[in-house]
Amino acid sequence: MKRRLLLSTILAIGGALTTFADARAEAGQAAAASDGAAVMRRLTPEQYANVIEEVFGPAIELGGRFEPDLRVDSLNEVGSGRVSMSATGMAQYYLMARSIASQALSEKSRKVMLPCAPASAQEPDDACAAQFLNHAGGLLFRRPLTESELSIYVKTAHEGAVTTKDFYTGLSLSLASVLSSPQFLYRQTTVASRPDHNGAYTLDAYAKATRLSFFLWNSMPDAALMAAAEKGELNSDKGVAKQISRMLSSPRLSEGVRAFFADMLQLDGLSTLAKDSVLYPKFDTIVARDAREQILRTITNHVVDNRGDYRDIFTARTTFLTQQLASVYQVPLVNDVPNGAADTWQPYTFAAGDPRVGILTQIAFVALNSQPGRSSPTLRGKALREVIMCQKVPAPPAEVKFDIVQDTSNPEYKTARARLTAHRANPVCAGCHKLMDPMGLGLENFDGSGAFRTKENETVIDTSGELDNVKFNNAVELGKVVRENPATASCVVDRMVAYGLGRPVTRTEMAWVDLVKRAFAKDGYKIPDLMQTIARSPEFFRSERRTTETQKASAN
Amino acid sequence: MSKMIRRTVLRGLFNGAAVTVGLPFLDCFLNNNGTALAANGSALPVCFGSWLQGLGFNPGMWVPEKIGAGYRNNIQLKLFDPIRDKINVYSGMKYFMDGRPHETHTSTYQICTTGAVFDSSPIGPSIDSKVADVIGTRTRFRSLDVALDGSRASWSRRSGASINPSEGMPAALYKRVFGPEFKDPNAAEFTPDTLVLAQRSALSAVTEQRQDLLKQVGASDRVRLDEFFTSVREIENQLEIELQKPAPTIGCKVPKAEEETTADAVIENIVANSKIMSKLISHAMACGQTRVFNVLSNSNNWRHGGSPYNWHSSTHEESVDAALGYQKVVFGFIQAANQIFADFITSLDQTTEGAGTLLDRTLVLWQTDHGDARTHSIEEIPIMTAGSGGGRLKTGIHVSAPGEPCTRVGLTVQQVLGVPLNSWGNRSNETTKTFSEIVV
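Taken in order, these protein sequences are the chains called C and G.
For the first sequence, my numbering begins at 1 and goes up steadily by one.
For the second sequence, my numbering begins at 1001 and goes up steadily by one.
Warning: the hint list may mix true and false statements.
[What the hints assert, rightly or not] When the alpha-carbon atoms are kept at most 30 Å apart in a straight line, the in silico DSSO-like pairs for lysine-lysine are as follows:
| id | chain 1 | residue 1 | chain 2 | residue 2 |
| --- | --- | --- | --- | --- |
| 1 | C | Lys455 | G | Lys1183 |
| 2 | C | Lys165 | G | Lys1245 |
| 3 | G | Lys1175 | C | Lys108 |
| 4 | C | Lys414 | G | Lys1328 |
| 5 | C | Lys155 | G | Lys1215 |
| 6 | C | Lys155 | G | Lys1256 |
| 7 | C | Lys455 | C | Lys282 |
| 8 | G | Lys1433 | G | Lys1066 |
| 9 | C | Lys165 | G | Lys1183 |
| 10 | G | Lys1275 | G | Lys1256 |
| 11 | C | Lys522 | C | Lys238 |
| 12 | G | Lys1215 | C | Lys231 |
| 13 | G | Lys1175 | C | Lys165 |
For the record, the hints were derived by calculation from the structure and aren't laboratory data.
Bound-form chain G, shown alone:
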């Protein structure tokens, strides 16, 4: 019945044909202090991003010298200096396997994305799904998920059975976000599309059968079917949003179409594609299309053209340079990946919205699978956050928590973003402690 009511309402809306809304003045976005406000007077919405970069850092080369505010970056993180004040570095923490089989490069991604070490099947939800439940339900896309190596690999999941595939091609990402279905939030005129209205209505043919179908299946299939219908509802939601005049946004610049590029694991292509992906994610958030994103570097496969070794095999097979005291090739890969992350954060920070920037209202959680990838170490795991999530988290701080579970950072991030939970993780990875000293 509720479906019918919703449809009637939509039709009512549509009977008005073209809805014309005057283009608001830029000043309307700002309050008297010059800080950014949304058109309706509330603060600009918070955004969240999860960034997974595999294979850790070179040991001894990244932990900042000083703990607390005003830390000094170590060699490996020097390139973050220009934006250091907006970045937190966390050191000393570890992943706990608790005697469970250690599937290298897999178990630890599982822990840092879901908090849990898995017993049999992979599980969920991942941290981005939980955050999107809170902040991502009113946008066209709950989240945008990309992989930097051209693949569709992903750790974003609602459950072990429902994994959000990544987009690996910049041109395809452009088309998805800024293709024909995109409505410029700052356009003067808005006309709801008849066909979208009809599509939205026709999809209830699927959802109306939910109860009947759930009755017909066993317990495990019921869970899967329920997830299926959740995903169908997300499409309904997306269509419904397309039928509404989008809220004007202050920093939205619609990017130009992207040409097809070669998207693979060769590092030159990764660097080039990452630049485009970064730009598209920034624009998508600035234009109100999503509030959540996932970036998976898929580091294992990165390689230089003409080399028989990729990043992963280099971590295991490259000798530690006697003079330098570290693995030279691996160091180069890490620097390249860090530069990509630094450039991304910088591009968020250069997207200005009134007196603030897109980075100011965003919180990015950077995590990795191993401390020292060379030995598959699960201790001394580097973690970073960038941005304050709209002033919710203090920044420019080095947090040291030796021997503590990495999940403390994940819990802190989720709590400040409004995810209602008091503890996160399982077994020894379970924690109830946040880093309250950095919470505003």
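Just chain C, with the same shape it has in the complex:
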């Protein structure tokens, strides 16, 4: 089987992404303590799609719907270390497994996929089945199959061929079982057989390779990384560092960075974001999809391609636009591509003096954190606190009346500011709302769909406010204030560490995280350097407790 490189962008699998609606369905924000043990993570929908594309090629259609992600401690990647699988979800994964397996072994593609031909197409051929399953299984499990695994899958292919009187159907059924196995659907965290000198356990070479590749590329290890694992090179810090350098200089780094920011900024919400079509006729699913792509392009261009300071994404005027986005942003986008398609992406720089500065003014932030029919300074302020600065705003209390707060028909309260001032005058509400509203009000020039406006209900909008006692007059200044707030840089490190480990940090790891933060500042707030610092740390591969019974036995 030919190994394929992942070249496509996340956009190419956008069809799959728009189907797992309501990822933030409910209750995903639970506090999550960790004992420091490495956790198995379920492949996220994107990772699943990436792996299937890499192993079987881009033509494969997944043909099913993923179980929605679970957001825990603000990250789906942490949730992926918490989820098991519901019966309904498993039915969908099994459906996809069958569909993928039959496409991979269809009459057309079996010639490419199979390294051998069966003696008879109507009968089992264990040797040929073993050759295929060993190779495909090794890729899908991200490690060589054990003898027992291989024999089970070969036996399954054999029995399937007998029952259906067809070698390929039997093999396809066995491959569907491989794709329905936890060894594929979960990233395993097998630890090396001996603890290190601190008594802690470290992931084994293949688990290290998997952790590195999903962290840096959001996909499975490539052939070189697998070879390094096989040769034992990942057992030394030097060998690991060498692979990290190679991976960071790969174009695939952008995929990893995109996946991280899509998770951190909770962009999955855009796949189900609906706006009222009467109030916001320009906002449709294309705009929502493009808004996601815009913010990710802006960020990766800035932090990866230009190796810029992370904090500058809050003040940068450069971005990328499509015609649809330009229409919402009310800017002329000259399409200089001959007969250019409408979705062609073009770099765009907002002029000096334009209020569109930094990612907070992009649709992916202001429209995502709004109501379907209006803006919401509270939601925006909350997202700024919780998503960008990693601060938790308490939930509203029970037995509180809100009705004066946002009655737009009341002549006294024409703007959100006026309504929210009434809100903050109520001492029960004020405690928390003063954490959110004054920041969100700075973005009030952008309506619920992200379009620019200067008035609400014929009254000029006042966008002044403050963030942690620093005053600002408008969105441009807000961007600067956010950039300079120490919580901003600190937050991206906290999220990146939890994202890499797939769990919250433990108390004992906090000192390490502080060191990482210092290094991040010293290196000029460069995201690839931050990823390197984290990936090179021994903590990245450490599992505080033994993860296997067999290891316990051997250690004793």
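On the provided structure of chain C, position chain G as indicated by the hints.
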């Protein structure tokens, strides 16, 4: 080893090729009293449904005037009058937070579905999972879970890590239940599918490795892996059921395929889609495909096209109308949602099975997150049940239990459906008391 035996048995079954069973006469379903019986002479199986409608009722407008049998519906529940005799209304009860953080619209769903106020991570199992363990293991689907706003949101869960996503699209629900894998239970002929047999067999490649894999992981991952294998076994179970001649059913009418519809939170679409969802759930139960269902209205998002306010924001931001004494827009949302529920119950009641109806052998538990959503109140919580669960619960009764935990209703429902438990809920929500006066 047991896997091998099961496979051999299946193969044995299959060696007979097409299994032909004569179509039974309709009379075979009925006993001498005309009450419905299954083909094998036992009473028709009981069904259970959990219906979650958020955002409560308008205070002062729903509690029936009289307690006990023959209650009179208050304004908000008037539209249930035609089926009042098959509905119980419960009033006066509350949720207890016991000083735990009150995540509005979340903590209380957690309590009404699992009985428990959670400390950190969401937990399970939800009431429907526990009931399905008892009554839902012999059907193609353990449960059918739908959301009315087109989303996949769900409160049905085996644990906090294993959440059953909802189906939000009627056409997709149709395909899942009545698509190519559906076998008409009343068809004359039944031929087990070779491919299904092979699939069923091939899946043991996954389950055979369970013990080995469980040994290799730490404690918390072991729990998750175990849940994973439980779900795989459910698929095996589903395939096994597909290999057997389905038991004939008395009220099964196979519905026509559903066209794709716009499924979102705009109220006109919700009303239209709910009609289809209701029909499909009724047919699925009548055709023996499932005995358990979950409906989540996901009320927070409901909105009228062209309005900047959804139901949730209206509850907080709409002024109480001075003349009427209530929030007009919110009242309208509640009425629309109640009509959808009433229509659903009516459609179950119009599915006749001999002398009885599908509703007669079903018990639907209707719950909500807040009493008065306007203030996020967790007192005076409205609860309803519809149907008697096959004569296990008296109906047409208003039960008043001021200050009692809502979990009393959940416990009563679970006990009458055969879930073996004496108490339900945690902290102040824990109760050992059922409403024995309504239990038959």
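Cross-check of the supplied hints:
1. C:Lys455 with G:Lys1183: Distance of about 61 Å is beyond 30 Å: violated.
2. C:Lys165 with G:Lys1245: holds, 24 Å
3. G:Lys1175 with C:Lys108: Satisfied, since the Cα-Cα distance of roughly 28 Å is no more than 30 Å.
4. C:Lys414 with G:Lys1328: With a Cα-Cα distance of about 21 Å, the restraint between Lys414 of chain C and Lys1328 of chain G holds, given a limit of 30 Å.
5. C:Lys155 with G:Lys1215: holds, 23 Å
6. C:Lys155 with G:Lys1256: violated, 41 Å
7. C:Lys455 with C:Lys282: holds, 19 Å
8. G:Lys1433 with G:Lys1066: Measuring from Cα to Cα gives roughly 23 Å; hence the hint holds.
9. C:Lys165 with G:Lys1183: holds, 24 Å
10. G:Lys1275 with G:Lys1256: holds, 14 Å
11. C:Lys522 with C:Lys238: Status holds; Cα separation ~23 Å.
12. G:Lys1215 with C:Lys231: Given that 30 Å is the threshold and the Cα spacing comes to 27 Å, the pair holds.
13. G:Lys1175 with C:Lys165: holds, 29 Å
Consistency note: the structure conflicts with the earlier hints numbered 1 and 6.
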